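Q: Okay, here's what each chain looks like letter by letter:
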Amino acid sequence: MSKVKEVYKEIENVVGPEYVTDKDFMKAAYSRNVDPAFPDRWADVIVRPETTEEVSEIVKIANKYKITIVPRGGGADLVGGSVSEGGILMDLTRMNHIIEINEKDFYCVVECGVTWGELISTLHPMGLTTGVLGPGSGYSATIGGGLSNSTAGAGSTKYGLVPDICLGVEVVLPNPQGTIIKTGSAANRYAKPFCRYGVAPDFTGLFMGDVGTMGIKTKAFLRLFPLQPYRKSLNFLLNKNDWDKVVELTHEIQTKLGDGLNSLSILPFTVVMMMYGMSKNKPKKRPKIKGPAFNITLEAPDPRILDIYIEMVNEIMLKDDACRTFQFSEFDMGVVEAKENQVILKNTFHYFNKYIGIMPGMISLTTCHKVPISFIPKGEPYAAMFDKKFMHEFPLKAVSLFATVIYVLSNGHCVFVGGLTAYNRDDQREKAMNAWHKKLRAQVRYGGAHYWLGESISQSIVEAGAYTPEFAQFFKDMKKAIDPNYILSPKKFHMHSYDDDISTHIIEDEPYR
Amino acid sequence: MVESEEKWKEKYQHLRMLDELILQCISCGDCRETTDYTNDPQKWGVCVAREHTSGFEPFFGRGKMQIIRSLVQGKLELSKDMSDVIFQCPTCNACSEACAYEIPTVAYYEALRAELVDAGYGLEAHVPMNQAMVELLNPYGRDNKEKSSWLEKLDFKVKDASKEKADILYFVGCTAALTPDIQTVAVNTAKVLNKLGVDFAVFGDREVCCGSVAMRTGDRKAFNTVAEKNYEMFKKMEVKKIITSCAGCYRTLKVDYADILEDLNIEVLHTVEFLLELLKEKNIQLKNLGINTTYHDPCHTGRHAGLYEEPRELLSKIANITEMKTIKEAAMCCGAGGGLKKGFPELSLEIAKSRVQEAEETGAENLVSICPFCYRNLSDAIKALDSNIKMVDLLELIYQALD
Numbered sequence: 001m002s003k004v005k006e007v008y009k010e011i012e013n014v015v016g017p018e019y020v021t022d023k024d025f026m027k028a029a030y031s032r033n034v035d036p037a038f039p040d041r042w043a044d045v046i047v048r049p050e051t052t053e054e055v056s057e058i059v060k061i062a063n064k065y066k067i068t069i070v071p072r073g074g075g076a077d078l079v080g081g082s083v084s085e086g087g088i089l090m091d092l093t094r095m096n097h098i099i100e101i102n103e104k105d106f107y108c109v110v111e112c113g114v115t116w117g118e119l120i121s122t123l124h125p126m127g128l129t130t131g132v133l134g135p136g137s138g139y140s141a142t143i144g145g146g147l148s149n150s151t152a153g154a155g156s157t158k159y160g161l162v163p164d165i166c167l168g169v170e171v172v173l174p175n176p177q178g179t180i181i182k183t184g185s186a187a188n189r190y191a192k193p194f195c196r197y198g199v200a201p202d203f204t205g206l207f208m209g210d211v212g213t214m215g216i217k218t219k220a221f222l223r224l225f226p227l228q229p230y231r232k233s234l235n236f237l238l239n240k241n242d243w244d245k246v247v248e249l250t251h252e253i254q255t256k257l258g259d260g261l262n263s264l265s266i267l268p269f270t271v272v273m274m275m276y277g278m279s280k281n282k283p284k285k286r287p288k289i290k291g292p293a294f295n296i297t298l299e300a301p302d303p304r305i306l307d308i309y310i311e312m313v314n315e316i317m318l319k320d321d322a323c324r325t326f327q328f329s330e331f332d333m334g335v336v337e338a339k340e341n342q343v344i345l346k347n348t349f350h351y352f353n354k355y356i357g358i359m360p361g362m363i364s365l366t367t368c369h370k371v372p373i374s375f376i377p378k379g380e381p382y383a384a385m386f387d388k389k390f391m392h393e394f395p396l397k398a399v400s401l402f403a404t405v406i407y408v409l410s411n412g413h414c415v416f417v418g419g420l421t422a423y424n425r426d427d428q429r430e431k432a433m434n435a436w437h438k439k440l441r442a443q444v445r446y447g448g449a450h451y452w453l454g455e456s457i458s459q460s461i462v463e464a465g466a467y468t469p470e471f472a473q474f475f476k477d478m479k480k481a482i483d484p485n486y487i488l489s490p491k492k493f494h495m496h497s498y499d500d501d502i503s504t505h506i507i508e509d510e511p512y513r
Numbered sequence: 001m002v003e004s005e006e007k008w009k010e011k012y013q014h015l016r017m018l019d020e021l022i023l024q025c026i027s028c029g030d031c032r033e034t035t036d037y038t039n040d041p042q043k044w045g046v047c048v049a050r051e052h053t054s055g056f057e058p059f060f061g062r063g064k065m066q067i068i069r070s071l072v073q074g075k076l077e078l079s080k081d082m083s084d085v086i087f088q089c090p091t092c093n094a095c096s097e098a099c100a101y102e103i104p105t106v107a108y109y110e111a112l113r114a115e116l117v118d119a120g121y122g123l124e125a126h127v128p129m130n131q132a133m134v135e136l137l138n139p140y141g142r143d144n145k146e147k148s149s150w151l152e153k154l155d156f157k158v159k160d161a162s163k164e165k166a167d168i169l170y171f172v173g174c175t176a177a178l179t180p181d182i183q184t185v186a187v188n189t190a191k192v193l194n195k196l197g198v199d200f201a202v203f204g205d206r207e208v209c210c211g212s213v214a215m216r217t218g219d220r221k222a223f224n225t226v227a228e229k230n231y232e233m234f235k236k237m238e239v240k241k242i243i244t245s246c247a248g249c250y251r252t253l254k255v256d257y258a259d260i261l262e263d264l265n266i267e268v269l270h271t272v273e274f275l276l277e278l279l280k281e282k283n284i285q286l287k288n289l290g291i292n293t294t295y296h297d298p299c300h301t302g303r304h305a306g307l308y309e310e311p312r313e314l315l316s317k318i319a320n321i322t323e324m325k326t327i328k329e330a331a332m333c334c335g336a337g338g339g340l341k342k343g344f345p346e347l348s349l350e351i352a353k354s355r356v357q358e359a360e361e362t363g364a365e366n367l368v369s370i371c372p373f374c375y376r377n378l379s380d381a382i383k384a385l386d387s388n389i390k391m392v393d394l395l396e397l398i399y400q401a402l403d
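Chains A and B, in that order, are what the protein sequence lines are.
Take the first sequence: its position 169, counting from 1, is numbered 169 in our numbering, and each next residue is one higher.
Take the second sequence: its position 170, counting from 1, is numbered 170 in our numbering, and each next residue is one higher.
Looking at chain A on its own, in the form it has when it is part of the complex (with noise of 0.2 Å):
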């Protein structure tokens, strides 16, 4: 029996014939997520566990045949983060449950698979939020997800990244114990999992932003927080196409509207251009367009205070004619305004796949990083300079937006949410994914921070030359320590085995800096 076989009959054995597959169909389903610019990768096989011991035993299981796991949530994944060639799948959606609503204490318990739709929409009627709504592709994206990747979503101007309102997690080590270990005040045996930091060093720090290298997460423990019930989003269009007045206004905003402010995004004009040239709906009068848009939700605990920071905001925004206020239905009349108080989460999550694709049948090569905002007047140029450069590399056809949108972060930074696009058609895929990595390489250089790494933008960082070497032998044997047999999303980072040299890895000549 080959090896794949044995391991195979085993994982059957830990969770019946009903969730284990090796057939070629199923295989086919899982070979890509959101990332069609990686070719085709098919798992040996594909299990969906229920519980966390049944993950455990599936590590010990690997750990035996020295066969790899690569760990998937929602399958949202636009970085080759959920894919495996070979090896073991982990479809961990089946692990679905949500735990604990904790309301007195502000916290709740809830298995990673589930989605952050489902968890918001059983949140928000409580009263409660966990105020950073998880990534754009909410609807499907998993929690454990949104740990692993540490991304940015709305609410994050205000809350932080998705790591930051995690208070520990229960999490499966890829050792051959498979030993189970919760962090966080979890980690002391007789507290509740109410706070992250006073039991131990931050392990829960670990596993985030790990995509799934250091272990395999089976359940959250998130903070809780109350929901505000009056919120506004006001939009602005910017008279003139001036990032250093963005710069100022952003400054600004953050500065004096403090708790009020849940989320400031940014459009670049040329997105608005391209939404009003996309749209089904275009409204009979074109819009004027000069300059960037910005969308700014407000929230408050009371009207009055609301009614406070929508002055402050108008105040700030329309000085000396700086903007003027509109209506997204403007360019399209096909999209859904929140009304006052109103939350739409298919604002939030559906339109971030309606504008993933850009057009039908493209690859979505994303880009995303964070910058400080004093950065952002330098991104575009950079992108223009670099994509000048570099055009003749690209794939056929290619659009590169430097960022579809600037999302502002909470501590002075921000997210440029751009990247390149590329036909899907397999002789553009090696074409596109160099581009995209050269690009990925030069963000980094210039002293970008991406988040959601994956396969394809944590090896761009190690390529980049991003780690001293003191960083590299650090992180392999923190690897080491917790994945002797590196059995866990090997490809990640570069990081294939122990003996594995990521410094081969480096491309040093590259002409842009």
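No lab work stands behind these hints: they were computed from the structure.
Small disclaimer: the values here were computed from a predicted structure and weren't measured.
Any given hint could be a false lead.
What the hints assert, rightly or not - So the derived list for chain A, only partly shown, Cβ under 10 Å to chain B, looks like this:
(1) D24
(2) A28
(3) A29
(4) K66
(5) G74
(6) A76
(7) D91
(8) T93
(9) H124
(10) G127
(11) S137
(12) S140
(13) E337
(14) A338
(15) H350
(16) S364
What the hints assert, rightly or not - FRET-style restraints, in silico, Cβ to Cβ:
(17) A/K319 <-> B/E51: 49 to 59 Å
(18) A/P39 <-> B/K240: 50 to 60 Å
(19) A/P39 <-> B/K280: 35 to 45 Å
(20) A/D332 <-> B/E361: 34 to 44 Å
(21) B/K80 <-> A/K3: 20 to 30 Å
(22) A/K319 <-> B/K280: 53 to 63 Å
(23) B/G363 <-> A/R286: 48 to 58 Å
(24) A/D321 <-> B/G363: 56 to 66 Å
(25) A/R286 <-> B/E361: 48 to 58 Å
(26) B/E361 <-> A/M278: 19 to 29 Å
(27) B/G363 <-> A/T51: 19 to 29 Å
(28) B/K80 <-> A/K397: 12 to 22 Å
(29) B/R16 <-> A/S503: 46 to 56 Å
(30) B/E102 <-> A/A449: 30 to 40 Å
By construction, the Cβ of each residue, glycine as well, lies at the ideal position given by its N, Cα and C atoms.
Fit chain B to the given chain A structure using the hints.
A: Chain B alone, transformed into the frame defined by chain A:
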């Protein structure tokens, strides 16, 4: 667009008709389990597969679309194993409703099923059904003469569409005509039409199945055979308006026959659409029966055709409605369609039981719908659950309210 375009188009005759959107699925997974309390109507999940299957990707829209892509890119071959999963779907269209790109997913699944059938991987359970449909003109394998037995329950004569002209053809459908417990749908429809003085006719024992079951289960040859027969009959009758009380027939005649009937210029209406307009036109008031009801949206009138408000408008005149947790675009399917009841009866019943339980949560005594096939599956579930809720067709209530 895809590799070896000529080759795959030659290989996959049905999928090639849809090629332009095959790569549009970005695999985001919204079609799996979108839950959104802010949506109107609220969405509490999308696909019935989530609760009722092993939950591997091919049970969901995204997985099926990736299978189709892999096939046309020459990376995968059709197989019996694939067939067993692809047919475990009621083609309820909830995945399309959730799709950011509005991909008509069911059209893809049906094309894939047609490929599987042509390759010899169709479900065995569907073979006699489609064979009977062609040979006996109904999928139940019954003598088609029995299709006129419901007419004997009427105390008035209905015009024979084969011989007499009428303004309207009432297309009864096989389930209502041949299932004793559900013949009430046909009987009540005829009584209401008669009471309102509508000039209508039926084909009776000459009525040919619309072909819905064949279309849903991938037997395109069988579908085309009955569709051609129907075309000839409609043409001969010179009918301009067809009404039907069956959601499956409605979807098939309205959507799948759209091209076929194009030159005949026939309007297809569900009975409730027709009656709502007629009652308004004649200013006829319906009596409120004072009963408590909840309404189940059949997928074929709802997500496949957008008929949500008309049945509610009628029902609200007759009874009190308490809506279920999932309604309209976001309604849970009853599990009967897409050949599921025939191919996987246990799965179909489990889905129906979930829907009945959702109906029970409203506290209503009557579960109302406008589809004989939903009626049948939900009735089976009511029986299996030993539930006190009563399955009722809306036309039965309308008839009572006209009394």
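Q: Each of the hints needs a verdict: does it hold here or not?
A: Verification of the hints:
no. : hint                          : verdict
1   : D24                           : 6 Å, holds
2   : A28                           : 4 Å, holds
3   : A29                           : 4 Å, holds
4   : K66                           : 26 Å, violated
5   : G74                           : 5 Å, holds
6   : A76                           : 5 Å, holds
7   : D91                           : 7 Å, holds
8   : T93                           : 7 Å, holds
9   : H124                          : 6 Å, holds
10  : G127                          : 13 Å, violated
11  : S137                          : 6 Å, holds
12  : S140                          : 3 Å, holds
13  : E337                          : 13 Å, violated
14  : A338                          : 9 Å, holds
15  : H350                          : 6 Å, holds
16  : S364                          : 7 Å, holds
17  : A/K319 <-> B/E51: 49 to 59 Å  : 54 Å, holds
18  : A/P39 <-> B/K240: 50 to 60 Å  : 55 Å, holds
19  : A/P39 <-> B/K280: 35 to 45 Å  : 59 Å, violated
20  : A/D332 <-> B/E361: 34 to 44 Å : 38 Å, holds
21  : B/K80 <-> A/K3: 20 to 30 Å    : 27 Å, holds
22  : A/K319 <-> B/K280: 53 to 63 Å : 56 Å, holds
23  : B/G363 <-> A/R286: 48 to 58 Å : 53 Å, holds
24  : A/D321 <-> B/G363: 56 to 66 Å : 58 Å, holds
25  : A/R286 <-> B/E361: 48 to 58 Å : 50 Å, holds
26  : B/E361 <-> A/M278: 19 to 29 Å : 42 Å, violated
27  : B/G363 <-> A/T51: 19 to 29 Å  : 36 Å, violated
28  : B/K80 <-> A/K397: 12 to 22 Å  : 41 Å, violated
29  : B/R16 <-> A/S503: 46 to 56 Å  : 50 Å, holds
30  : B/E102 <-> A/A449: 30 to 40 Å : 36 Å, holds
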